[in-house]
Amino acid sequence: MELVNAEKNLRKRKLISLVLKAGVWLCGIMTVGILIFILLFILLRGVPNINMEFLFGTYNSDTLSAFSSIVTTFEMILISLLVAVPIGVFCAIYLTEYAKRGNKAVKVIRLAVDTLAGIPSIVYGLFGMILFVNILGFRASVLSGICTVSIMILPVIISSSEEAIKSVPDMYREGSLGLGATRLGTVFRIVVPTAMPGILSGVILAIGRIVGETAALIFTSGTNVLESPTLDLFASQRTLAIHMYMLASEGLPHSKDMAFATGAILILVVFLVNLATTKLAGRLGRLGNDK
Amino acid sequence: MINNDKIKIENVNLYYGEFHALKNINMNVKEKEITAFIGPSGCGKSTLLKSLNRMNDLIEGVKINGKMLLDGIDIYKDMDPTMLRKRVGMVFQKPNPFPMSIYENVAYGPKTHGVKSKSKLDEIVEQSLRSAAMWDEVKDRLKKSALGLSGGQQQRLCIARAFSVNPEVILLDEPTSALDPISTMKIEDLLVDIKKNYTIIIVTHNMQQATRISDKTGFFLHGEVVEFDETEKLFSMPKNKKTEDYITGRFG
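Protein sequence lines, in the order shown, are assigned to chains A and B. If you read the first sequence in my numbering, its first letter stands for residue 7, the second for the next number, and so on. If you read the second sequence in my numbering, its first letter stands for residue -5, the second for the next number, and so on.
Possibly wrong hints are sitting among the right ones.
[Said to hold, decoys possible] DSSO-like cross-link-like pairs, simulated, lysine-lysine; straight-line CA separation at most 30 Å:
1. K26/B to K190/B
2. K133/B to K61/B
3. K137/B to K106/A
4. K285/A to K105/B
5. K112/B to K285/A
6. K180/B to K26/B
7. K133/B to K106/A
8. K172/A to K137/B
9. K71/B to K2/B
10. K61/B to K24/B
[Unchecked claim] Beta-carbon label-pair distances, calculated as ranges:
11. K138/B to F277/A: 29 to 35 Å
12. I53/B to R17/A: 36 to 42 Å
13. M177/A to E238/B: 35 to 41 Å
14. P92/A to K133/B: 35 to 41 Å
[Claimed, not checked] Beyond 12 Å from chain B on every Cβ pair, some chain A residues (computed):
15. V89
16. L185
17. V217
Since the hints were made in silico from the structure, they are not lab data. Since the model is a prediction, treat every value here as computed from it, not as a measurement. We put the CB at the ideal spot given by N, CA and C, even for glycine.
With the rest of the complex left out, here is chain A (with noise of 0.2 Å):
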């Protein structure tokens, strides 16, 4: 009785852990399919119009090149990292290894990176626009653009970095205060560089909100385009994003095609900065991984 009982029931789980097979690489397979949708239906569209004048020329209505746009988005990228990276960094050290617990100025820099990491792009747009554009007198300029970024990406690099940090185990913390190394110098040289793969993968998603940014750009660093391109922090100039947007609302004829070589521009930077982020992950971790 009771063994024909568990066969049935064999068959009945048999057949749920299948369905619940088939459901899991239903999903897996649509994410991925969504994904290779997306990069084809740009690509496809976007790689054939895309030449040396595009690429490399001067911009006018003819080529509508995107020379300009990509250099201010390099900058844009570095600029804002050197800015924001150091101090996320360091107020995660601060947040993980010397506020105490219990501390209220913790909760408070918590609150409010969980506060700045919820705002709208487009507020931060606006908030720059009153603050570096008008008060501070920058007008809209890649420097404008560069500060509203800055800020914009702080509490992604700063929970990452928190994440990363308190992750490193406090057994390692031990081992080098055990040896008489300092509190800074542990953190310097044992807790830091262990971190260092988690606080890159903030960097990564950093990059791509830089890369992607457009609403907070357009109130900052302005939609202008020069013909050819600058480093000049206080000149207006879009980005590849803000190039893209103002392509496809663009009425010239072939204004349209160039917005999804943009677009197949920006899926090829977004990649390449990964893929160098990843390699520098990998080479710092390297050694706490292979075994």
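Chain A is fixed; fit chain B onto it per the hints.
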């Protein structure tokens, strides 16, 4: 041969918040001997060990009073904790090599204390690994990650790392509890071998280990030292009934 007192513990009381973890401890630890602390879990033996190089400072809410003297100097009043920890090294229960190469693990301590010359570091690394009897095992893979070593090798690396800053006292907190018998034996042999140069204090759950390697043994119970005597005496004719009950396995 009569050795000098290296560490003197006088009327030490320690509290974790409200909890009275160490009660009026008095003990003298002789130079170049192995002293073992035994007792059931939570009896305070690890707490006392950790307070000898002020690792308890890292825990919030710890209060300590009484005196602990290293060569006559009060380690809580007249000594900087980093200097104390350089002189009193520690090996932890779980092997905790840093996620770096074997070489970097051993070179970390001397670098921290300002040794910069590559040749000097090479010398210290080799010496420390030789003292920990693992130079021949690892000399060809110094640049490889320390996390690739076996548990026993990792623990010996941690001992080598402790040697690297040239300490006078080495504290070991159940250093073999996570290891297999062969690795344990290697570490015990090592400790007996190095006691001519270092004062060693070891916390252990393993009473056979205490009898095998230690000169003196202290039996702890509920935060008190019940009995502290030469290992042979303590295990063959304990003076206290509780000690006898513990070492004959009636509780613990």
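Comparing the hints with the structure gives:
1. K26/B to K190/B: holds, 6 Å
2. K133/B to K61/B: Violated, at roughly 43 Å.
3. K137/B to K106/A: With Cα atoms ~37 Å apart, K137/B and K106/A exceed 30 Å; violated.
4. K285/A to K105/B: Roughly 28 Å separates the two Cα atoms, so the pair holds.
5. K112/B to K285/A: holds, 29 Å
6. K180/B to K26/B: Roughly 20 Å between the alpha carbons, so the hint for K180/B and K26/B holds.
7. K133/B to K106/A: violated, 42 Å
8. K172/A to K137/B: Satisfied, since the Cα-Cα distance of roughly 27 Å is no more than 30 Å.
9. K71/B to K2/B: Within the cut-off at roughly 14 Å; holds.
10. K61/B to K24/B: Satisfied, since the Cα-Cα distance of roughly 17 Å is no more than 30 Å.
11. K138/B to F277/A: 29 to 35 Å: About 33 Å separates the Cβ atoms of K138/B and F277/A, which means 29 to 35 Å holds.
12. I53/B to R17/A: 36 to 42 Å: violated, 56 Å
13. M177/A to E238/B: 35 to 41 Å: Given range 35 to 41 Å: holds, Cβ gap about 36 Å.
14. P92/A to K133/B: 35 to 41 Å: holds, 40 Å
15. V89: The claim holds: V89/A sits with its nearest Cβ about 29 Å from chain B, beyond 12 Å.
16. L185: violated, 4 Å
17. V217: holds, 31 Å
Checked against the numbered hints given earlier, this structure breaks hints 2, 3, 7, 12, 16; the rest are met.
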